[in-house]
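Asks: Here are the chains, one letter per residue:
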Amino acid sequence: MKRIIQPIFQHYWNPYVVLLMAGILSAMYYGLTSTVWAVTGEFTRLGGDLLLLLGVDISGWQYFDMVHLQGETWNRPDGWIVWGMFAGALIMVLLSNNFKIRLPQQKRRYVQGLIGGIIAGFGARLALGCNLAAFFTGVPQFSFHSWIFIVATGIGTFFGAKLTKTRWWKGKPSLIRGNAKPTQLKKRIIQPYIGAVIAVLYIGLTMYFFTSGQRLLGLGALFGLAFGILIERGQICFTSAFRDLFLVGRSIMAKAIIVGMAVSSILTIIVISIYDLTPITQIAALSTFVGGTLFGLGIVMASGCETGMMYRLMEGQLLFLPVFVGNIMGATFLAYAWDHLGVYNVLVKGGAKINLLDTIGPIGAISVTLLMLGGLYALTVYGEKRYHRKLAIKRGMNIHAS
Amino acid sequence: MQAKVEADFTLDLRGESCPYPVIYTLETLEGMNKGEMLQVITDCPGSFRNVPEEAIAHGYKFAQDPVKNGQEYLFHIYA
Numbered sequence: 001m002k003r004i005i006q007p008i009f010q011h012y013w014n015p016y017v018v019l020l021m022a023g024i025l026s027a028m029y030y031g032l033t034s035t036v037w038a039v040t041g042e043f044t045r046l047g048g049d050l051l052l053l054l055g056v057d058i059s060g061w062q063y064f065d066m067v068h069l070q071g072e073t074w075n076r077p078d079g080w081i082v083w084g085m086f087a088g089a090l091i092m093v094l095l096s097n098n099f100k101i102r103l104p105q106q107k108r109r110y111v112q113g114l115i116g117g118i119i120a121g122f123g124a125r126l127a128l129g130c131n132l133a134a135f136f137t138g139v140p141q142f143s144f145h146s147w148i149f150i151v152a153t154g155i156g157t158f159f160g161a162k163l164t165k166t167r168w169w170k171g172k173p174s175l176i177r178g179n180a181k182p183t184q185l186k187k188r189i190i191q192p193y194i195g196a197v198i199a200v201l202y203i204g205l206t207m208y209f210f211t212s213g214q215r216l217l218g219l220g221a222l223f224g225l226a227f228g229i230l231i232e233r234g235q236i237c238f239t240s241a242f243r244d245l246f247l248v249g250r251s252i253m254a255k256a257i258i259v260g261m262a263v264s265s266i267l268t269i270i271v272i273s274i275y276d277l278t279p280i281t282q283i284a285a286l287s288t289f290v291g292g293t294l295f296g297l298g299i300v301m302a303s304g305c306e307t308g309m310m311y312r313l314m315e316g317q318l319l320f321l322p323v324f325v326g327n328i329m330g331a332t333f334l335a336y337a338w339d340h341l342g343v344y345n346v347l348v349k350g351g352a353k354i355n356l357l358d359t360i361g362p363i364g365a366i367s368v369t370l371l372m373l374g375g376l377y378a379l380t381v382y383g384e385k386r387y388h389r390k391l392a393i394k395r396g397m398n399i400h401a402s
Numbered sequence: 001m002q003a004k005v006e007a008d009f010t011l012d013l014r015g016e017s018c019p020y021p022v023i024y025t026l027e028t029l030e031g032m033n034k035g036e037m038l039q040v041i042t043d044c045p046g047s048f049r050n051v052p053e054e055a056i057a058h059g060y061k062f063a064q065d066p067v068k069n070g071q072e073y074l075f076h077i078y079a
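Here the protein sequences line up with chains V and X, keeping their order. Residues 1 to 402 (full-length UniProt numbering) are what the first sequence spells out, left to right. Residues 1 to 79 (full-length UniProt numbering) are what the second sequence spells out, left to right.
If you are wondering where the hints come from, they were derived from the structure by calculation, not from laboratory data. Treat the hints loosely; a few may be bogus.
To be verified - Just some of the chain X residues that point at chain V, by a computed CB distance under 8 angstroms:
| no. | residue |
| --- | --- |
| 1 | Ala7 |
| 2 | Leu13 |
| 3 | Gly15 |
| 4 | Ile23 |
| 5 | Leu26 |
| 6 | Asn33 |
| 7 | Pro52 |
| 8 | Ile56 |
| 9 | Tyr60 |
| 10 | Phe62 |
| 11 | Ala63 |
| 12 | Gln64 |
| 13 | Asp65 |
| 14 | Gln71 |
By construction, the Cβ of each residue, glycine as well, lies at the ideal position given by its N, Cα and C atoms.
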């Protein structure tokens with residue numbers, strides 16, 4: 001038994017395997033429901049729910065009409081994707097006995113998290129999707145807006161990484177002479193039992209959805225759970241994909257995401273042609289670029305995106321509470337600014353929904369998508385090589401100087 | 001637990017989230033004299049992987065295997 005349990009719960013899973021599975025599952029989820037794995041749309045609806053609760057009249061807000069703000073989060077399949085992801089991540093954290101309240105030593109992180117969260121939430125909704133709907137699940141839908149979003153996110157992340165490196169932003173760590181004592185361990189391990197209880201309850205709820213004929217809610221709950229398990233076990237961090245390439249020349253996450261998207265694209269085009277589905281296309285406009293850039297900057301400031309913050313919060317990293325609040329605030333503010341402050345007229349109106357399947361046909365669409373992903377992969381490898389080459393030169397100069 | 005090793009410095013990063021553990025670790029190692037040993041205590045799950053992998057990618061050697069201590073990890077790295 002130990003031989004099975006240890007690799008599953010005591011070690012994180014290979015990001016390539018995890019993102020491959022996520023790519024396959026998101027294509028399946030699309031085939032079953034005609035919707036994609038996404039989270040920020042629901043964050044906007046949560047903001048709308050809160051405004052309604054506070055007695056704000058939002059009936060005239062166009063953005064809430066566009067994202068179909070109806071019912072409550074418990075009655076929306078997209079809502080269950082979000083809660084399922086939280087549940088799946090929490091269950092995994094508890095089963096691996098890894099929950100701990102983690103409070104940053106640098107108090108500035110809370111402010112950075114809130115501000116970054118607001119910027120990322122605003123940017124994601126302006127671009128109509130975060131790293132999921134406008135990236136990981138957007139590319140396989142052949143929606144051209146995700147191509148713009150990827151480039152823009154890369155640019156925003158670049159500036160975010162520059163900011164992260166400044167002294168006043170990162171702060172000084174506590175470095176002491178000699179050894180320091182590790183934390184005393186508790187003898188009794190109870191977390192896995194709590195995790196098992198939550199898992200049983202959650203599976204019961206999912207079964208209730210299916211048996212009571214609420215198939216879409218059941219599918220949302222089930223796939224949400226699976227996505228939550230995957231992102232926690234693989235420590236999937238879209239924020240780090242670009243950022244760590246700039247910061248420390250680390251490329252594994254970027255490569256794994258690209259491979260996952262390539263597989264998902266191939267599967268999605270098969271699903272589309274078999275079931276004759278319409279791909280989900282979002283407007284490609286100036287807003288996509290501006291939103292993507294803000295999103296890239298915001299996620300680095302906050303140390304996590306709308307997906308990554310979910311499992312980190314479940315690990316007990318309380319920094320991500322202000323990030324979550326910020327994400328919802330930013331998304332809600334965008335919903336207000338959309339028509340009330342003229343965002344739509346200035347940044348979105350001139351755009352169009354462009355889907356590669358319509359413009360260049362299925363063979364062309366999958367070919368250019370794989371070509372683009374191949375190019376992105378090559379750029380990632382180049383970025384990593386370049387970082388280490390510069391490091392070697394820098395060290396060589398230091399040796400000569402000393 | 002393995003035999004206790006004497007570290008010259010300790011970087012206590014408990015509570016800090018990614019990417020700061022990996023940035024702090026690499027910067028501290030760079031500022032130390034060659035041969036000195038740094039102990040890193042970290043509890044950000046992302047850093048369980050990116051700190052040791054990046055320390056090695058940046059040419060540093062481990063004094064011993066990483067030690068898992070409940071919800072945190074201890075690393076011992078030579079500058």
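Asks: Please go over all the hints and tell whether each is borne out by the structure.
Replies: Structure-based check of each hint:
no.	hint	verdict
1	Ala7	holds (5 angstroms)
2	Leu13	holds (6 angstroms)
3	Gly15	holds (5 angstroms)
4	Ile23	holds (6 angstroms)
5	Leu26	holds (6 angstroms)
6	Asn33	violated (11 angstroms)
7	Pro52	violated (12 angstroms)
8	Ile56	violated (12 angstroms)
9	Tyr60	violated (12 angstroms)
10	Phe62	violated (16 angstroms)
11	Ala63	violated (12 angstroms)
12	Gln64	violated (13 angstroms)
13	Asp65	violated (14 angstroms)
14	Gln71	holds (4 angstroms)
In summary, the structure is inconsistent with hints 6, 7, 8, 9, 10, 11, 12, 13 from the numbered list given earlier, while agreeing with the others.
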